[in-house]
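Novice: Listed below are the residues making up each chain.
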Amino acid sequence: MATMEIRSASKNYGTIRVLDDINLDIGDGEFIVLVGPSGCGKSTLLRMIAGLEEITGGEIRIDDKVMNALPPKARDIAMVFQSYALYPHMSVADNMSYSLRLRKTDKPTIAEKVGAASAKLGLDALLERKPKALSGGQRQRVAMGRAIVRQPKAFLFDEPLSNLDARLREHMRAEIRKLHRELGATSIYVTHDQVEAMTLADRIVAMHGGHIQQVGTPLELYDRPANLFVAGFIGSPGMNFLKGDIADRSLHLRDGRTVALPAEMPATMGEATLGIRPEHVVLSPAGEAGLETTVDLVEPTGHGIILHLTLAGTVFKVLTHDRRWLEPGSSVGVSFPAEALHLFNAEGVRV
Amino acid sequence: MTATPIPTTYRRPLRQRLAVTLEPWLYCAPVLILITSVMLVPLILGVSYAFRDIQLLNPFSGGFVGLEHFKALGQDDAFLRALRNTLWWTGASVFFQLAFGLILALLLNVPFTGRGLAQALVFLPWAVPTFLAGLNWAWLFNPVIGPIPHWLAALGLMDEPSNILADPSIAMWGPILAATWWGIPFFAITLLAALQSIPKDLYEAASIDGASPIQRFFSITLPYLAPVIAITVLLRTVWVANFADLIIVMTNGGPADRTQTVASYIFTQAFKRLDFGYASAVALVLLALLLAYSMVILVFRQKLSNRDK
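Protein sequence lines correspond, in order, to chains A and B.
Residue numbers for the first sequence follow full-length UniProt numbering, so the first one is 1 and each next one is one higher.
Residue numbers for the second sequence follow full-length UniProt numbering, so the first one is 1 and each next one is one higher.
Just so you know, not all the hints are guaranteed correct.
[As the list claims (entries may be wrong)] With beta-carbon atoms standing in for the labels, derived distance ranges: (1) R167/A to A118/B: 47 to 53 Å; (2) R115/B to T310/A: 51 to 57 Å; (3) W126/B to P88/A: 28 to 34 Å; (4) G14/A to V38/B: 53 to 59 Å; (5) R129/A to T113/B: 43 to 49 Å; (6) P300/A to T113/B: 57 to 63 Å; (7) A69/A to A99/B: 34 to 40 Å; (8) A69/A to L155/B: 49 to 55 Å; (9) R17/A to A127/B: 41 to 47 Å; (10) A226/B to R129/A: 16 to 22 Å; (11) A78/B to R129/A: 52 to 58 Å.
[Unchecked claim] Restricting the straight-line Cα-Cα distance to at most 30 Å, the calculated cross-link-like pairs of lysine-lysine (DSS-like) are: (12) K178/A to K107/A; (13) K200/B to K65/A; (14) K107/A to K120/A; (15) K130/A to K153/A; (16) K113/A to K130/A; (17) K107/A to K130/A; (18) K130/A to K104/A; (19) K120/A to K200/B; (20) K104/A to K200/B; (21) K65/A to K130/A; (22) K65/A to K153/A; (23) K73/A to K113/A; (24) K113/A to K178/A; (25) K200/B to K73/A; (26) K73/A to K120/A; (27) K303/B to K200/B; (28) K73/A to K130/A; (29) K178/A to K73/A; (30) K272/B to K71/B; (31) K73/A to K153/A; (32) K104/A to K65/A; (33) K200/B to K132/A; (34) K153/A to K200/B; (35) K303/B to K107/A; (36) K73/A to K107/A; (37) K113/A to K200/B; (38) K113/A to K153/A; (39) K71/B to K130/A; (40) K303/B to K132/A.
Treat the hints as calculated values from the structure; they're not laboratory data.
All C-beta atoms in this analysis are idealised placements derived from N, C-alpha and C, irrespective of residue type, glycine included.
Make a model of the complete structure from these sequences and hints.
Specialist: As structure tokens, this is what we get:
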């Protein structure tokens, strides 16, 4: 159980700056997800917290204690690796008790703690097995068991589910969430999967290019993305963007057509980008309402249909549950409810 | 009663049947002939020498003597001493080669500037012909031209600069040192390759679990290297036990047979005393001992890997 503060932390590899001026406060027991595309620095930040990477500048504090110069073992954190990093020559029980044995914990306590952790994770029948005799999901559980036996101040997860198949990932996601609710330990979870981020996090930290783009609850990021990057990264399929100039309370698209803007948006501001999520677009028969366009491609996903349209020269996706527009080549009208519009200025910042 | 027709079984002509029977053998013939002529014939001939009296200096020798050579061996003190020396020479050489090879591999596994060059240089002794290596070390130990005795004397380890190789009580250390120098690269190469295959996250996970560098070495590095160490030690032991070049060049088995190993004893018997029959018998005993040793190690290894499953 711990609070964590990251104060203008930065990381350089040689002359290349991969993390710049990172500031983040993490509350006791919070589940934080660092999300972003590969190369955004999220794993580096996690490894800096763990003590596996040096901190070039700034400070990382756990429970008000500066961690910068401390080795990993002095930080009292546990980490679950993407590759699980189980010790191959140790049995499941030995893997889980390794940290306790290093601390010279007495045997009854070790047995009790390993027993409790394995019961929680359903590993009781596997305790004597070697990691190579386990399936991917079981290894994942052992890695988690190894983390929870010693009751650390914080858990760090480095893309722990990316080696599992989709079904198992969904299952483990729910288990991690449940485990967090039971243990209540501060957790930091790194992923590139925005669905994982949305479902797991108390708060999401969206990262891009070594900078934090936005920090907020999953729904805050979904409803009010701070900039074009967050808007495009959160949500699936991604948000549609229409570029144009704003004048006379409407957006003038590149193809000359216009989209009327609601009253609370600026009447004139020059170049801008209008964003709308595929699931918020309203479809109507051609000629009745909205901008007219044709359906290029239809992707039925079962619970809905994703239509690919072309609007003002760019691909425009619509998620609908109405099966009327299944035919590629048919004409449709698209219109945008005022409350679903997101406006970004020329620098990509939300207006 | 009507006559039953005589059953006619069709039989192929003899030549055709012969061809069918021979066909697979003909396909195998090239490799069978090759193996027999290249491997089996020399082996059988060599083994047969052990049961014959073959002395180059005796024109009337060549007859079959049965187990005479082996009986003589049992009473041959020189052979028994050579057997003890072999144990000592092989054990010490392999142990030091492994120990220093492992240390070298661990050092070379740490990134530093000029590592590529250092790796290339370290593996150089491996490329030196053993004959040259032996001569080189013999000269280094020689107080007339070599520096080592003078250094040892200066350090107070020796009363006066004298030749280690001439002192019966410590002469064996000369060839052991040379063999260690020459054999370190073999262990360093194989162990370095094994070290580089250990996933880095294991060390990271262990350091987060609270393991010190020494604990990480014993709980990750060593278990990972164990199978490689087992197989290289097996190979190396057989190799070193059979390895007479350095001893022949440096001490020729002397002084007073103190550095005579079984391998060098075979060489001495065959090419100094020119008694090929007796040398063959000694060689056969060495072969049997090494085979037995290999079997033990292989069974041991099998047991170890079975326990892992």
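Novice: Hint by hint, note whether the structure agrees.
Specialist: Now for the hints, and whether the structure bears them out:
1. In this structure the hint that R167/A and A118/B lie 47 to 53 Å apart at CB holds, the actual value being about 50 Å.
2. Evaluation of the 51 to 57 Å hint for R115/B and T310/A yields a pass: the beta carbon distance comes to about 56 Å.
3. About 31 Å separates the C-beta atoms of W126/B and P88/A, a value consistent with the hinted range of 28 to 34 Å.
4. For the pair G14/A and V38/B, the supplied restraint of 53 to 59 Å holds, since their beta-carbon distance comes to about 58 Å.
5. With their beta carbons about 44 Å apart, R129/A and T113/B fall inside the hinted range of 43 to 49 Å.
6. Range check, P300/A to T113/B: Cβ separation about 59 Å, and the 57 to 63 Å hint holds.
7. A69/A and A99/B have their C-beta atoms about 35 Å apart, which keeps the hinted 34 to 40 Å range intact.
8. Against the hinted window of 49 to 55 Å, the Cβ-Cβ separation of A69/A and L155/B comes to about 42 Å, which falls outside the hint.
9. R17/A and A127/B have their C-beta atoms about 45 Å apart, which keeps the hinted 41 to 47 Å range intact.
10. Range check, A226/B to R129/A: Cβ separation about 20 Å, and the 16 to 22 Å hint holds.
11. For the hinted restraint 52 to 58 Å between A78/B and R129/A, the CB-CB distance of approximately 55 Å keeps it satisfied.
12. Under the criterion of a C-alpha separation no larger than 30 Å, the hint pairing K178/A with K107/A is consistent with the structure, at around 29 Å.
13. For the hint pairing K200/B with K65/A, the CA-to-CA distance comes to about 28 Å; that is within 30 Å, so the pair holds.
14. A C-alpha spacing of about 20 Å is found between K107/A and K120/A, which places the hinted pair at or below 30 Å, so the restraint holds.
15. At roughly 28 Å between alpha-carbon atoms, K130/A and K153/A fall within 30 Å of each other, so this suggested pair holds.
16. With a CA separation close to 19 Å, the supplied pair K113/A and K130/A stays within the 30 Å bound.
17. Taking the CA atoms of K107/A and K130/A, the gap is near 21 Å; set against the 30 Å cutoff, the hint holds.
18. Of the pairs offered as hints, the one joining K130/A and K104/A holds, with about 23 Å between alpha carbons and a cut-off of 30 Å not exceeded.
19. A hinted pair counts as satisfied when its Cα atoms are at most 30 Å apart, and K120/A with K200/B qualifies at roughly 29 Å.
20. Restraint check: the Cα-Cα separation between K104/A and K200/B comes to about 25 Å, which is no more than 30 Å; the hinted pair holds.
21. For a cut-off of 30 Å, the pair hint linking K65/A to K130/A is broken: about 38 Å separates their Cα positions.
22. A hinted pair counts as satisfied when its Cα atoms are at most 30 Å apart, and K65/A with K153/A qualifies at roughly 12 Å.
23. In summary, the hint linking K73/A to K113/A is supported, as the alpha carbons are separated by about 19 Å, within the 30 Å threshold.
24. At roughly 19 Å between alpha-carbon atoms, K113/A and K178/A fall within 30 Å of each other, so this suggested pair holds.
25. Between the alpha carbons of K200/B and K73/A the distance comes to roughly 17 Å, so the proposed pair stays at or under 30 Å and holds.
26. A threshold of 30 Å between alpha carbons decides the hint, and for K73/A with K120/A the separation of about 25 Å falls inside it, so the pair holds.
27. Pair hint K303/B plus K200/B holds up; C-alpha atoms about 28 Å apart against a cutoff of 30 Å.
28. Among the hinted pairs, K73/A with K130/A is consistent with the structure: their alpha-carbon atoms are about 25 Å apart, no more than 30 Å.
29. For a cut-off of 30 Å, the pair hint linking K178/A to K73/A stands: about 27 Å separates their Cα positions.
30. For the hint linking K272/B to K71/B, the alpha-carbon distance of about 22 Å falls within 30 Å, and the restraint holds.
31. Restraint check: the Cα-Cα separation between K73/A and K153/A comes to about 12 Å, which is no more than 30 Å; the hinted pair holds.
32. A C-alpha spacing of about 25 Å is found between K104/A and K65/A, which places the hinted pair at or below 30 Å, so the restraint holds.
33. Simply put, K200/B and K132/A have alpha-carbon atoms about 18 Å apart, close enough for the 30 Å limit, and the pair holds.
34. A threshold of 30 Å between alpha carbons decides the hint, and for K153/A with K200/B the separation of about 24 Å falls inside it, so the pair holds.
35. For the hint linking K303/B to K107/A, the alpha-carbon distance of about 28 Å falls within 30 Å, and the restraint holds.
36. Annotation: proposed proximity of K73/A to K107/A holds, straight-line Cα distance about 21 Å (limit 30 Å).
37. Annotation: proposed proximity of K113/A to K200/B holds, straight-line Cα distance about 27 Å (limit 30 Å).
38. Between K113/A and K153/A, the direct Cα distance comes to roughly 16 Å. Compliance with the 30 Å bound is thereby established for this hinted pair.
39. In summary, the hint linking K71/B to K130/A is not supported, as the alpha carbons are separated by about 52 Å, beyond the 30 Å threshold.
40. About 18 Å separates the Cα atoms of K303/B and K132/A, which keeps this hinted pair within 30 Å; it holds.
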